[in-house]
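> Take a look at the letters that make up each chain.
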Amino acid sequence: MAKGILDVAGLENVRIFIGEVAEEEEEWEPMGPHPKPGITTLRNWDFKLLQRYKPFYAPFCDMCCLCTYGKCDLSGNKKGACGIRMDAQQGRIVLLACLIGCTAHAGHARHLLHDLIRKFGRDAPIDFGPEIAVEAPLTRLITGIRPKTIGDMEEVLDYIEEQIVQLSDALHTGQEGSFLDFESKALHMGMLDSLAKEVADIIQIAAYKLPSSHPGGGPDVPLVEVGLGTVDTSKPVILVIGHNVPPAADIADYLMEHGLEDAVELAGICCTAHDTTRYYPKAKIVCALGRQLRAIRLGIADVIVVDEQCIRADIVELAQKTFTPVIATNDKALHGLEDRTYDEPDKVVKDLVEGKVPGVLILDPERVGEVAVKTAMQIAPKRRAMKIIMDDEEFQRWVRLCYQCGNCTLACPNGLRIGSAMAKAATGDTKPLAELFDLCVGCGRCEQVCKRHIPIVDVITKAAYPYVRQERGKARVGRGPVWDTEIRDVGAPIVLGTIPGVIAIIGCGNYPNGTRDAYLITKEFADRNYIVVLTGCMAIDAALWKDEEGRGVYETHHGRFDAGGVINIGSCVSNAHIHGACIKIASIYARRNLRGNYEEIADYILNRVGACGVAWGAMSQKAASIATGFNRLGVPAVVGPHGTKYRRAYLGRPDIEDDWKIIDARDGTEYRFEPAPQHLLVACETVEEALPMIAKLCFRPSDTDRGRSIKLTHYIDLHEKYLGCLPPDWHLFVRTATDLPIARREELLKRLEDEHGWKIDWERKRILEGPMRPYDPSFDPTNLPRLIRKKKE
Amino acid sequence: MAGEEEFPLDVSPMYEGERVRKEDMFVELGGPTQPGFELVIYEPDAEKVKDGHVELIGPDLTEMEEGKAYPYAMIYKVWGPEIDKDLEPVIERRNHEFQPYIQGYMHLNQRDEIWVRISKSAMKKGLKSLKQIGRKTIELFKSELPFIQKMEALYITDKEEVEKRLEEARKVYRARDERARGLHEEDVEEFYQCTLCQSFAPTNVCIVTPDRPALCGAMSWFDCRASARVDPEGPNAPVPKGECIDPIAGEYTGVNEAAVRLSGGEYNRIKLHSFFDCPHTSCGCFEVAGFYIPEVDGIGWIHRGSKVRETPIGLPFSTIAGSVGGGRQVYGFLGIGIPYFYSPKFIQADGGWRRVVWMASDLKERVADAIPDEMKDKIATEKEAKTIDELKEFLKKVDHPVVKGVVRPVDGKKITEGWAEEEAPPEAAAAEAAAPEAAAAPTAAAPAQQPAAPQVAMPQFPLLPTAPAAQPQIQIPTTPAGAPVKVILKDANVTIGKIILKRKEEK
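As they're listed, the protein sequences go chains H and S.
Everything in the first sequence is counted per this note's numbering, starting at 6 for the first residue and increasing by one.
Everything in the second sequence is counted per this note's numbering, starting at 76 for the first residue and increasing by one.
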């Protein structure tokens with residue numbers, strides 16, 4: 006305390022509580038305006054986004070059934086008993102979805118942090134090697150904290166959890182009434198979700214030393230095997246499912262400590278598979294979420310270990326049918342099993358092997374390895390003697406039983422024609438049935454409605470079995486953060502347009518037309534020199550397909566964050582590194598401060614960084630919060646047709662001129678500008694529609710003419726290739742003749758003259774009149790009036 | 076309109092970087108086994124250029140044997156009222172930009188090192204003649220560079236003819252190189268700006284002169300000049316050089332005016348050849364980062380992609396690079412392009428090569444022919460010096476100019492005092508205002524969490540000299556200026572959320 010300010014003359018019966026004693030923080034960057042933003046801190050930014058990208062609601066349900074006044078019918082502009090309207094109710098449901106998604110990541114992060122602190126200590130350092138100086142871009146950006154150890158993340162999680170509680174409160178009846186505020190809250194939740202993911206992934210990279218920029222990391226990560234056909238069932242097989250890696254890591258540790266790496270197969274489904282291979286590259290990725298039901302039914306696992314998220318609710322029942330014991334390891338997914346955490350491991354193993362219990366709970370991850378490995382080794386010989394896959398005779402019996410009632414097709418989310426394929430199979434042609442295997446999203450709803458109780462999923466799997474055994478691809482191990490030095494290297498090519506954008510292929514496997522789309526989208530953009538980053542299920546599914554020479558997309562393309570790269574970033578929580586890469590572009594090129602400076606960085610990204618997310622099979626609530634988190638940071642996203650069930654898109658309207666005003670930060674002049682990017686969240690019906698849309702959403706107002714020319718080339722080219730014609734709005738993106746695709750400049754100038762009435766100087770090949778704004782290479786676009794620079798005199 | 080014939084192959088930037096592998100190759104042209112070259116010649120007489128015409132001497136594709144390599148020359152004649160001889164090499168290099176756009180046509184390298192492959196699939200799609208390639212190439216040139224009003228091509232696949240003309244071409248290349256080397260700031264009236272990077276770094280001011288190529292290494296004065304011909308108000312608009320205020324540091328009134336205009340008033344002085352005083356701004360694209368090493372009063376350099384992980388100041392490229400960039404003038408650091416090492420004016424205000432004390436070994440090797448003989452053995456790499464102490468030892472051993480004081484070659488002026496005596500803080504005469512102050516922090520003060528850090532003093536990076544740091548600090552509300560308030564606490568609960576233990580100020 007400074008001298009003379011307070012002079013305490015006496016103390017009597019005084020209790021002094023000291024909450025925390027901390028050392029003074031090292032000076033590293035001035036604090037920005039918005040550290041640890043609350044619900045209203047970034048509301049103005051949200052409203053700017055929402056004004057241009059208006060929420061478009063497609064109610065999945067017209068009713069509100071959340072309180073006892075209801076059900077309330079909100080259709081036809083009716084208000085509910087509490088006064089809520091349809092739009093606000095939809096916003097509310099979106100916030101609820103984002104809440105569920107965000108808590109999954111935040112809960113995961115907190116759980117992981119407890120486990121890792123217990124095992125490695127609070128002081129386990131966050132050191133990602135020489136190529137990564139900004140270790141936690143989102144954490145710095147949102148909270149103003151620069152974490153040095155995993156323990157430093159406790160404060161970050163405290164912030165997230167507090168905000169989640171406040172936001173959830175707004176869902177209660179009689180709280181928020183405005184759809185825009187619900188959306189702003191959803192965006193806030195999305196941002197928290199991105200932060201929670203960063204915490205989760207950073208602490209696991211730091212503690213388990215997963216790939217970063219230390220030797221062997223980054224572009225040099227190994228390839229791992231992917232596919233249902235990669236598991237060697239001559240060995241005992243442990244199958245891990247979920248998202249939270251410590252139990253799987255403990256299994257890997259046990260195998261390594263006991264020299265069993267070659268004796269036991271460790272394989273995984275979904276993000277735990279990604280994270281297990283990041284820790285133990287001998288592990289295999291069996292499949293993404295979409296094949297979960299089938300992988301379990303195939304009975305390849307001798308023991309199943311589940312942790313959290315995206316695990317089938319009927320996992321124990323399914324596993325019992327294939328005599329596979331289940332070990333649950335996470336208090337969020339207990340599946341009614343008995344807690345045997347502190348029992349003698351051999352006793353637990355014995356009960357599982359003898360089938361006395363269908364499964365057990367082991368809540369301490371460090372006690373999972375021994376039980377899982379011993380169980381697998383002891384039960385494998387017994388299980389090999391059993392019949393699990395149906396035989397030909399049984400198959401024939403089922404397909405003949407089908408009388409093509411069509412119930413299954415109605416129940417199928419993709420409307421697959423199962424009945425006619427069954428009929429063909431009954432005549433001996435199993436091909437149509439086998440072809441359904443990849444198109445199926447593996448939900449099993451068909452079986453629930455089958456009047457003849459045909460195990461349809463198993464029948465399809467049986468028909469496809471020869472193919473299934475051949476399903477072997479390769480994916481690069483999830484490499485985690487993009488290096489600062491890689492971002493620096495792509496500076497010039499991004500400016501010059503040789504890299505037209507960054508495509509983030511993320512999310513689940515609820516595809517409209519099979520996994521091939523994941524491969525197609527990846528390949529199409531990587532071949533065009535975009536940087537393609539993938540995570541989660543799509544990173545797995547993209548690995549299942551091959552070119553004519555039998556090479557997968559990870560084999561034909563390099564793993565650098567550079568033109569034409571195909572990069573597996575990692576699991577769901579690794580998505581945060583995609584945000585991180587966009588954020589680092591701002592800090593590296595423009596030297597914008599990150600600390601507590603979310604709004605300015607999001608504005609920078611929205612105006613400059615040509616990145617687009619693609620969640621073609623978005624299914625879970627996590628996918629909703631992930632996309633919303635990208636959106637708030639200024640990154641648009643495209644979802645598949647099932648994505649409409651999230652009820653809300655953020656669609657721009659190029660026809661409303663007032664929505665497309667932007668400020669030149671040099672002097673505050675306001676310009677009308679092209680719809681770049683046009684949407685923040687949009688669902689496409691088909692992949693053919695999605696491909697040009699993705700290219701279109703890479704336009705940014707700050708594009709150089711060279712960059713714009715190449716982006717426009719790909720937009721037009723993809724539109725012509727997949728939709729058979731020039732896009733109707735290509736001319737909106739032309740500011741000057743040099744923006745036009747170089748190989749077609751003359752032809753397109755002619756079209757501008759003939760079809761749009763633009764004036765062209767043919768001598769100099771220049772546009773004299775027509776574009777909505779001129780091209781000025783020094784244009785400094787912003788949506789934030791506070792960033793207008795004042796000229797120094 | 077010209078080129079209406081149906082060209083059988085796709086033309087798009089997506090094919091850039093496409094490699095035609097041996098197994099997919101129909102024929103190879105030029106390359107490692109056969110002579111080849113490309114050449115653009117300015118023809119002053121418009122009548123002598125047959126626009127759009129392509130001539131071929133030697134066998135055409137249909138007469139070639141699959142899997143074989145053939146000689147290859149591409150000679151273009153161009154005419155336009157704005158073209159002159161100096162634009163020839165710039166136009167010529169675009170051949171390597173445009174031809175790779177053609178699907179199934181691989182074009183590598185330039186000049187007499189060209190290496191072309193045509194794929195089997197291109198033939199399958201209906202490619203029949205090199206003339207088709209020539210016509211498409213001309214079309215691309217004229218579309219991208221409208222100042223080319225007439226253009227014709229002569230392609231040659233006949234060995235004798237290629238070899239004969241190759242000699243002439245080499246003479247042209249040599250003459251051009253001499254011309255480029257002999258052209259200096261004094262010889263021209265205009266420099267050029269490059270504002271492309273402003274799309275990401277809005278305050279960046281990039282000035283390109285014959286003696287200072289852009290720091291990305293991608294744009295020379297000649298390149299910018301060509302780009303300005305295409306679009307005089309575009310990203311490479313000319314910057315009138317104005318008056319020369321300081322020929323040694325490279326300060327010009329025109330450049331200073333451009334700095335104000337381009338940075339929105341952020342900067343008003345830029346000295347093109349100074350490291351310490353009003354240095355050129357750095358965007359994110361620089362190829363090489365220079366860093367001042369106050370302990371020895373010299374400058375070190377490391378390039379992007381260097382295999383060398385650590386510099387004597389204990390920081391990798393990523394961290395050094397993080398201190399440069401952002402389109403700012405950063406004192407003590409400078410981003411440059413590799414070609415700038417070859418400039419006779421290379422940081423001449425600060426002693427040029429004589430001020431260079433350390434380079435990453437792969438960089439030193441790469442620009443070996445730019446280093447003056449007197450300095451070749453005096454510049455340390457990581458092999459000689461990994462730490463400041465080792466660096467000091469080395470510099471003393473080789474009697475590096477910084478030890479006794481640098482006399483700058485340009486005017487013979489002694490600009491540094493040298494190391495007065497062991498361990499005394501170096502007096503950086505020229506760098507007074509510039510040196511990162513905290514850099515000489517004694518070892519003992521290194522932060523506690525760096526116990527493993529060797530004797531290297533960790534320089535604390537100069538905080539950005541930008542907006543005053545708005546460090547929110549909660550002040551205890553003070554009643555009238557410093558008037559003492561007497562407080563008696565009785566039956567009170569005092570809750571302290573957090574106590575911050577401050578480090579003692581260093582003396």
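Any given hint might turn out to be false.
Under the rule of at most 30 Å between Cα atoms (straight-line distance), these lysine-lysine pairs were calculated in the BS3-like manner [said to hold, decoys possible]: (1) S:239 / H:41; (2) H:551 / S:195; (3) S:195 / S:123; (4) H:755 / S:573; (5) H:436 / H:326; (6) H:770 / S:123.
The hints are simulated quantities; they were obtained by calculation from the structure and are not laboratory data.
> For each hint given before, does the structure comply? Return the numbers of the non-compliant ones in rising order.
Checked against the structure, the hints that fail are numbers 1, 3, 4, while the rest are satisfied.
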